[in-house]
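K.L.:
Given next are the chains, with one letter for each unit.
There are 6 protein chains.
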Amino acid sequence: MSGETLTHLDEQGRARMVDVSAKPDTVRVAVAKGEVRLKPETLALIRQGLMKKGDVLAVAQVAGIMAAKRTSELIPLCHPLPLHQVDVQLTLEDGLPGVLITATARTTAKTGVEMEALTAVVVSALTVYDMVKAVEKTAQITNIRLVEKHGGQSGDVVNE
Amino acid sequence: MSGETLTHLDEQGRARMVDVSAKPDTVRVAVAKGEVRLKPETLALIRQGLMKKGDVLAVAQVAGIMAAKRTSELIPLCHPLPLHQVDVQLTLEDGLPGVLITATARTTAKTGVEMEALTAVVVSALTVYDMVKAVEKTAQITNIRLVEKHGGQSGDVVNE
Amino acid sequence: MSGETLTHLDEQGRARMVDVSAKPDTVRVAVAKGEVRLKPETLALIRQGLMKKGDVLAVAQVAGIMAAKRTSELIPLCHPLPLHQVDVQLTLEDGLPGVLITATARTTAKTGVEMEALTAVVVSALTVYDMVKAVEKTAQITNIRLVEKHGGQSGDVVNE
Amino acid sequence: MSGETLTHLDEQGRARMVDVSAKPDTVRVAVAKGEVRLKPETLALIRQGLMKKGDVLAVAQVAGIMAAKRTSELIPLCHPLPLHQVDVQLTLEDGLPGVLITATARTTAKTGVEMEALTAVVVSALTVYDMVKAVEKTAQITNIRLVEKHGGQSGDVVNE
Amino acid sequence: MSGETLTHLDEQGRARMVDVSAKPDTVRVAVAKGEVRLKPETLALIRQGLMKKGDVLAVAQVAGIMAAKRTSELIPLCHPLPLHQVDVQLTLEDGLPGVLITATARTTAKTGVEMEALTAVVVSALTVYDMVKAVEKTAQITNIRLVEKHGGQSGDVVNE
Amino acid sequence: MSGETLTHLDEQGRARMVDVSAKPDTVRVAVAKGEVRLKPETLALIRQGLMKKGDVLAVAQVAGIMAAKRTSELIPLCHPLPLHQVDVQLTLEDGLPGVLITATARTTAKTGVEMEALTAVVVSALTVYDMVKAVEKTAQITNIRLVEKHGGQSGDVVNE
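Protein chains in written order, with our numbering: chain A, 1 to 160; chain B, 1 to 160; chain C, 1 to 160; chain D, 1 to 160; chain E, 1 to 160; chain F, 1 to 160.
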């Protein structure tokens, strides 16, 4: 890692949005994951909602997809880019116990879509938190990480 | 927890923004925390930036404050409310190793500001992630939780 | 109606956001309705989705609630205000055939919430349209109207 | 229509933003129309405003153009895309009586711009509603539909 | 000015949104002004547009009003607050030559509305710039300043 | 300048977003500048903040970069486009006295990025204003202008 620098800071240490105009447009995919840790009782309440027509997971999924589209508004040095697919999956996991969230973002662009996938995960997680907070004050959003990344000059990343 | 239900779902299980019009306006405070886990080398690069005029933490802090103001746009069933203070602190922690983020939100309103404090933490964390992702692909955002909450009918919460 | 003028235009005919600072804060409620007219076959496909965990109506409902919170961003002369409740109901109606949408908005403020209820209805309707447009090019959004309005100086309105 | 499914729902019925990355970029045009039905007296007041420098239709037109640019923020599963032209025309029609709104959106992209044209129409209509609501409580937004659509794999659509 | 500090920086020099929760809600008014300096020929083209139904000034006025409502989204440490009136006036001034913009913002809140009035002025000015930039590359936006401010603890300000 | 017209108005004088679909995508760069005029004492307070970890200029810089990405939301007839680089520099100038702001925007698109560079400058300037307004009521934002523009059919512009 010697010689490495943070590319979002210029030589004076000031923030900048990196110039990507010379990069080619390539297909980019990123997959991120994260968890909301809950009490078993809270998990049971969410599961109970699934029996009915609407449910916590459907709302959180929509929130995650919509947030992915607004990533560059939230993260100061993130480039705005088109999104060709956003997929958010939420599953109830007794093993955690809690909700496991997996988001995939895809585009053809000059920069990657890790931040879009990660933003989808955290906003889905916040939405689950919001919907259970009246019954549980100790929920935790945790383990948010990049799982895979394909396309672009820096090569593929497969973290798990 | 018997008899409890998720207040954001109606009797048919459909999502709803809960009616808070009968609640009094009271002073509300919430404190949330979270972490970005990094390699020691990445932490060293961020610390190095601090020696200069600009730095990763300053950008992440601004991003967190700005995101807190947009919480109700991101989280579907969250009530829009004024914010009378938002404070975001980021510190470098060799013990993690990584960045510890603490956000405080304050208002006088009919509902609490947990989601605003949590949103500030996660967007600050995403911003740190974005600024280090060129040098580290394995950063993790973790341990996002409510630390304290005061004001409102449900009483004080002190989780740690 | 003699002597009436459009309050959103000043004496020169220029647009303005009306000064409401002298008005008292009172409880305001508005209910709006609207329809998406569809072919019976499209309606059947939506109904079929209801058998599964997710569905068109759940997505459209979330979209309507979220849009209500952004009403003053979309409509130039509309005052920003807090929202204490937003409720959006979508039902499948064979009689139309199509989807009937009813939105209720509630706040305590100096101005009414008709526009918030109407915005929820139209954005829910657009979302239904978006989700069926691959199978039907002739859907219509129609009959968007204020049904009821309570609170404020101009008195109650009950249109149906 | 046998064998058709709603492409915005996956095999489990969960919402998704469809993957369009394999589609070619082609020129896309969509034209949508809609109406605001008003009392003849209200129409007269709007017409009177036209005599002066500012007017209801100018404000509604700007609102429609601006809303078209935010379509993908409002409609959960709609892809973000560039817009190369947005044109919104509003005309006073004694025959309705009311305001007839026609919006055209144009881009070069992987997906169509129907939703952008329709969003321009409905937000222009809401803006007219907002500006007349002090003098008329019974305005209706109605007959919002796609008129024409060109470009893309599904071929041309001409509904009227 | 001895002993004064910048209230938006904490004791470590970090940015913060100042805590205003202890301040009373009072009526606040601010008036700001600014100019777009143009060539006489450009001014003539704008004036010519005024003869027709639509015009540059009407679009710029709507843009300024809408921007005032989004002030706290743009300016990091600015408190979100309701707005009870926004008025933007644009006049053509041969003396400059150019466009003179005056914006007034009004609310009842814990903090002032200077930034809202100033934001309305600069976004109106940018809109004029955008509409004339095809015919003039040397327009200047200049002399943006607070003219008056009333309400709040720091007393009235009258700058001209 | 004879024969010239304002391209953002149609033949009836109505606003329109110009059709750029036939234009080629080319590399576009724009540089804009502007100033915040301050009292020497205020300048000294900002300079003092620079000694510490955070500072006024860092916050204003982030605000400018973020605003550039939202230009098409603020300016009604401005085309949405990707941004491949945004750079904002703020320097303290005793000669003004005040803060000199220079913003550069870069993209590959069908239209230029002057408005993005100018928007970055004005929002950075508003942010400086906001952070000093408690100690100085007479700050002025002034001399906002396009300095350079490259790419596109209308050729290079170099104003200084």
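Keep in mind that the hints were calculated from the coordinates and are not lab data. Just so it is clear, the structure is predicted and the values come from calculations on it, not from any experiment. Be aware that a few hints might be false.
It does not matter which identical chain is meant; a pair holds if it fits inside one copy or across any two.
[To be verified] Mimicking DSS-like on lysine-lysine, the simulated pairs with C-alpha atoms at most 25 Å apart in a straight line are:
hint, residue 1, residue 2
1, Lys33, Lys23
2, Lys23, Lys39
3, Lys110, Lys23
4, Lys110, Lys137
K.L.:
Within, between, both or neither: how does the pair Lys23, Lys39 come out at a Cα-Cα threshold of 25 Å?
P.N.:
So Lys23 and Lys39 fail the 25 Å test inside a copy (47 Å) and across (28 Å) alike.
K.L.:
Between the shortest in-copy and the shortest cross-copy C-alpha distance, which are at most 25 Å for Lys110 and Lys23: within, between, both, or neither?
P.N.:
both (5 Å within a copy, 18 Å between copies)
K.L.:
Classify it for me, Lys33 with Lys23: is the Cα-Cα distance of at most 25 Å met within a copy, between copies, both or neither?
P.N.:
Neither. Shortest intra-copy (27 Å) and inter-copy (27 Å) distances fail the 25 Å Cα cut-off.
K.L.:
Which holds for Lys110 with Lys137 at a C-alpha limit of 25 Å: within a copy, between copies, both or neither?
P.N.:
between (42 Å within a copy, 18 Å between copies)
In summary, the structure is inconsistent with hints 1 and 2 from the numbered list given earlier, while agreeing with the others.
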